[in-house]
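Just need the whole structure built from these sequences, with the hints factored in.
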Amino acid sequence: MRYLPHTQGDLQEMLQAVRAQSLEDLFSSVPDACRREQDLRLPGPLSEWELDTHLKQLAETTGPGQGRASFLGAGSYDHYIPATIQALASRSEFYTAYTPYQPEISQGTLQAVFEYQSLCSRLLGLEVSNASMYDGATALTEALFMALRIAKKKKTVAVSKAIHPHYRQVIRTYFEPMGFTVLELDYTAEGQTDTATLQANEDLAAVALQSPNFFGCIEDLSSWAERLHANKALLITAFSEPLAYGLFKSPGSLGADIACGEGQSLGISQSFGGPGLGLFTTRKDYMRNMPGRLVGQTRDRDGKTGYVLTLATREQHIRREKATSNICSNQGLCATIAGMYLASLGGTGLRDLAVLNRDKAEYLKQQLREAGCQIPFSATTFNEFVVRFPAAKQDIPERLLARGIIPGLHLGPYYPELEDHYLLNATETKSKDDLDALVKEVAA
Amino acid sequence: MKEIDQINLPEDLKYSEEHEWVSTDEDNMRIGISDFAQDQLGDIVFVELPEIGARFGKGDEFATLESVKAVSEVYMPVGGEVLQVNPELEDAPELVNADPYGQGWLIEIKPDEPSQADDLLDKNAYLAMIKGD
Amino acid sequence: MKEFDTPGASGLIMEEPLLFAKAKTGRSGFSLPSRDVPRAELPPEAETRRPDLPDLSELEVVRHYTRLSQWNFGVDSGVYPLGSCTMKYNPKINEKLAALPGLAGAHPLLPEAMSQGALRLMFELQELLAEITGLDGVTLQPAAGAQGEYAGMRIFYAYHQKQGQTRRKVLIPDTAHGTNPASAALCGFQAIPIPSNAQGILAAESVAELMDTDTAGIMVTNPNTLGLFEENIGDIAQIVHDQGGLVYCDGANFNALMGIADMGRAGIDVLHLNLHKTFSAPHGGGGPGSGPVCVHKELQPFLPLPWIVKNEQGYTLVHEAPDSIGRLHAFYGNFGVMIKAYCYILSMGPLLKQASQCAVLNANYIKEALKEAFHLPYDRLCMHECVFTDQYQQEAGVSTLDIAKRLIDLGFHPPTIYFPLVVQGAMMIEPTESETKEDIDSLIRAFLQIAREACEAPDELHKAPLKTKRKRLDETLAARSPCLTG
Chain Z
6 MRYLPHTQGD
16 LQEMLQAVRA
26 QSLEDLFSSV
36 PDACRREQDL
46 RLPGPLSEWE
56 LDTHLKQLAE
66 TTGPGQGRAS
76 FLGAGSYDHY
86 IPATIQALAS
96 RSEFYTAYTP
106 YQPEISQGTL
116 QAVFEYQSLC
126 SRLLGLEVSN
136 ASMYDGATAL
146 TEALFMALRI
156 AKKKKTVAVS
166 KAIHPHYRQV
176 IRTYFEPMGF
186 TVLELDYTAE
196 GQTDTATLQA
206 NEDLAAVALQ
216 SPNFFGCIED
226 LSSWAERLHA
236 NKALLITAFS
246 EPLAYGLFKS
256 PGSLGADIAC
266 GEGQSLGISQ
276 SFGGPGLGLF
286 TTRKDYMRNM
296 PGRLVGQTRD
306 RDGKTGYVLT
316 LATREQHIRR
326 EKATSNICSN
336 QGLCATIAGM
346 YLASLGGTGL
356 RDLAVLNRDK
366 AEYLKQQLRE
376 AGCQIPFSAT
386 TFNEFVVRFP
396 AAKQDIPERL
406 LARGIIPGLH
416 LGPYYPELED
426 HYLLNATETK
436 SKDDLDALVK
446 EVAA
Chain U
310 MKEIDQINLP
320 EDLKYSEEHE
330 WVSTDEDNMR
340 IGISDFAQDQ
350 LGDIVFVELP
360 EIGARFGKGD
370 EFATLESVKA
380 VSEVYMPVGG
390 EVLQVNPELE
400 DAPELVNADP
410 YGQGWLIEIK
420 PDEPSQADDL
430 LDKNAYLAMI
440 KGD
Chain V
21 MKEFDTPGAS
31 GLIMEEPLLF
41 AKAKTGRSGF
51 SLPSRDVPRA
61 ELPPEAETRR
71 PDLPDLSELE
81 VVRHYTRLSQ
91 WNFGVDSGVY
101 PLGSCTMKYN
111 PKINEKLAAL
121 PGLAGAHPLL
131 PEAMSQGALR
141 LMFELQELLA
151 EITGLDGVTL
161 QPAAGAQGEY
171 AGMRIFYAYH
181 QKQGQTRRKV
191 LIPDTAHGTN
201 PASAALCGFQ
211 AIPIPSNAQG
221 ILAAESVAEL
231 MDTDTAGIMV
241 TNPNTLGLFE
251 ENIGDIAQIV
261 HDQGGLVYCD
271 GANFNALMGI
281 ADMGRAGIDV
291 LHLNLHKTFS
301 APHGGGGPGS
311 GPVCVHKELQ
321 PFLPLPWIVK
331 NEQGYTLVHE
341 APDSIGRLHA
351 FYGNFGVMIK
361 AYCYILSMGP
371 LLKQASQCAV
381 LNANYIKEAL
391 KEAFHLPYDR
401 LCMHECVFTD
411 QYQQEAGVST
421 LDIAKRLIDL
431 GFHPPTIYFP
441 LVVQGAMMIE
451 PTESETKEDI
461 DSLIRAFLQI
471 AREACEAPDE
481 LHKAPLKTKR
491 KRLDETLAAR
501 SPCLTG
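Chains as they are written, first to last, in our numbering: chain Z, 6 to 449; chain U, 310 to 442; chain V, 21 to 506.
These aren't lab readings, by the way, just hints derived from the structure by calculation.
Among the hints, a few may not be true.
Said to hold, decoys possible - Ranges of calculated distance between the beta carbons of each label pair, as one might list FRET restraints: (1) U:N317 - V:I33: 31 to 37 angstroms; (2) Z:M6 - V:T186: 46 to 52 angstroms; (3) Z:G70 - V:H339: 46 to 52 angstroms; (4) V:E332 - Z:E29: 40 to 46 angstroms; (5) V:P64 - Z:D208: 33 to 39 angstroms; (6) V:P27 - U:G366: 39 to 45 angstroms; (7) V:Q414 - Z:R24: 26 to 32 angstroms; (8) U:E357 - Z:E231: 52 to 58 angstroms.
Stated by the list, open to error - In silico PhoX-like pairs for lysine-lysine, Cα to Cα no more than 20 angstroms straight-line: (9) V:K317 - V:K330; (10) Z:K61 - V:K116; (11) Z:K237 - Z:K157; (12) Z:K309 - V:K42; (13) V:K189 - Z:K327; (14) Z:K159 - Z:K237; (15) Z:K309 - V:K483; (16) V:K457 - V:K373.
Glycine included, C-beta positions come from ideal geometry on N, C-alpha and C.
Written as structure tokens, this is what we have:
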């Protein structure tokens, strides 16, 4: 076996050195009652060629298939990934390293993550960023816990119903044992979070919104920030599509105290939903309340600039049960990829790409409207929006699927009041022909 | 780390078993950590102090000191109300290392019962305790 | 020392500034798709300026990250005996297959009929992990070991709730990783520490003393962080179960036990695995990982949603179950990492047992070779890793940190240092099964050389490393005046 280098001779010499007769002898500390009664019943070992064939079969039965167009977004987005990203991310010095505990031989990872932090901080308009969390859902959950730590005595947070339903499910899982109150805020006819559903509440530590929200609509963050800050509560802004901030005003510039969300759009494969990347930024005042790893700049003994993991006293390996989180890793490689992607685009490229995304979606929206579809929410959207197909044509989704077009996400299972509504996404990867083909089917 | 005989312990202060010091020559009392404690902690990188006006009982945790790889709580040697916190420490936590009895003081309190200080250790008793540590 | 005795040397090390220092507005490293739709009017919420990100050409980006990568030590660079992290070889075929467009490009909300390959892979991986651990139910959703621990604690909480009880405490040995108490606290449990005994393991009596009906259960790392098998686990499980509690096993060190131990028979109710340790997925400079959780069948109803189920039509997702703890991840966890672990298991098959045996042999071989020169606090048969201290070298003023930094100059990644906390000045060495006898002998020679240098020229060791791009870095400065962005 090519992964096991020991020859029979090696085994004999080494067993002798440890004064054991056989490999079995090495396990004498494992009591019989804890041992397997049978050998491993596993398939294989498969040769590299057999494995390749098997996985290709699995890959072929996944996805819409060649030449089919999918308008699914809803937290996972189809963007073009430059060839440079795969080439650079495949450098095994990056991916076969572990957490940079020994900074002198990890400056590559450390500088890349420091740059990632800097890029996130600039993109989201807040002063500090951590080295990343698991995904958008867990980043938002951690942000809510962080707001409760900052508020000390308050026990309530409010979460918009226009936040990704899966993110809200994760919040529910994490909050249930902790004895905090989670209020839910409804959305308006325009598709934004309804300010009227939030009553004055002395116990409120923070409100979490998503912008663009799950319906693709941009939230009015600055008026929320003003209102919350007047009541000494924090504004947490989540997102699932960070490319929007190539075009829209950043959450930090609009008054968000914590901006966090999913970074998959930044050069990371969709990969059936994971790994993703949890972006997490906040104000400098709250730096010591942040969860997760941080990389900081320092100097070496010769006075040269270098990077280290820092502010580790917040973390579980030092503060144990009093830590700001139990997280002990970051999505290092995904964060590095996001850095590579943002560096490839630059500010100019990101702006152009974001504008193109919106233009594609606006074109599709306009064409669908003309084809008789209803666009129920009037708020500004980015590359995603909600559509109600004409009532007389209930069979549209099925017809589209039969033609190899995935008509976005059916919202009924998540929002019963939006039973016949679909969430459609169009990024730069959809050509005008793709968009026209969808519209043609809808109009037929 | 310092040898025990290098530890600076002013005569006019009282010490707690948790290594805090208290100045008792005025009505209001200043509190800090001993030279021994700062030496054990190593380079202090961050000091978290309470808010002015906060009240703590004797033995309550009122501050935390962080070095690069450790966090230590600091406890009230005498209960009382916080009148002042050392404003310099936010930007210069290293003062706790450099001058633990002077510029590195932590808080000033109005004691609830000044007599609580009587139960604390004097220099010699404290020295005997750390030698036995 | 002879040439090639150890691989340490100074390499081709270029300087490279931050991205921001190289940027020039107007450059681009990205090929923007051509515009085939009209420009829409900019909405009022739009920013008027471009984002403040650096513009670079494609070659500048490529050189930047290539140079950065050259300052990193990975498993592909050399021996990486980082204890508790299982830095085994990351097979290249697994990287290739995880990047197959069908899998890497799959949207998580595709109709089930279009996700059969991905669902089948996940279902089969669950079955494989159940067989390897001896437990019954598996969730792949936790995105890392720490989230696996959290899932386990959350299942403890849900299980006791179902019994109509709110138990407030969890027992955690003093040798545990810091994530254990942090994960327990995140479910509202108070972590109660239990000391290990003179042999470095838990005694059943110390568990019996602390276990009561207000205690939800125990979290045991097995093999523990001293590299020792918790031999009393069966009795401990009995004591905990008798009081209505559950037994959690942190399986971060499962690389010692494949094909050997049956965690179900050992009385374990919940166990997490690290696909990026035991099952060869790369560590990625800190992630992404994957921390599946395996449970006894009684706890299956509590596993997070969605569940993957196989029926006549194929594979399908179950989104509702009354006792489930709910969702932990936006989608199904780190599918990309699961593919690599699945490929590894199929490549190894029953040979996984031999991998564990060789990992344990390598660790014991190192332990025997170094125990004269370095203080070995627990001199007994170890599992996949061994723990030494700097006690002998301290006499010359040489610390674990000095030894670790000197190893860098000799061409090795240092072991895990200053952990576990119960051993002062710990050095935790985990060679894994991937290393040849020759490379292990070379690592041993490097350690022995350092032991000699500690006697002969201790001051030189304080200066190490000397051959790296950067010398020892000032962590105090970084923490006192945090600079987190450039």
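Tested hints:
1. U:N317 - V:I33: 31 to 37 angstroms: violated (45 angstroms)
2. Z:M6 - V:T186: 46 to 52 angstroms: holds (50 angstroms)
3. Z:G70 - V:H339: 46 to 52 angstroms: violated (25 angstroms)
4. V:E332 - Z:E29: 40 to 46 angstroms: holds (43 angstroms)
5. V:P64 - Z:D208: 33 to 39 angstroms: holds (34 angstroms)
6. V:P27 - U:G366: 39 to 45 angstroms: violated (60 angstroms)
7. V:Q414 - Z:R24: 26 to 32 angstroms: Hint holds: Cβ distance 29 angstroms, inside 26 to 32 angstroms.
8. U:E357 - Z:E231: 52 to 58 angstroms: violated (30 angstroms)
9. V:K317 - V:K330: holds (17 angstroms)
10. Z:K61 - V:K116: holds (11 angstroms)
11. Z:K237 - Z:K157: holds (12 angstroms)
12. Z:K309 - V:K42: holds (18 angstroms)
13. V:K189 - Z:K327: Within the cut-off at roughly 15 angstroms; holds.
14. Z:K159 - Z:K237: holds (11 angstroms)
15. Z:K309 - V:K483: Roughly 15 angstroms separates the two Cα atoms, so the pair holds.
16. V:K457 - V:K373: Holds, at about 19 angstroms.
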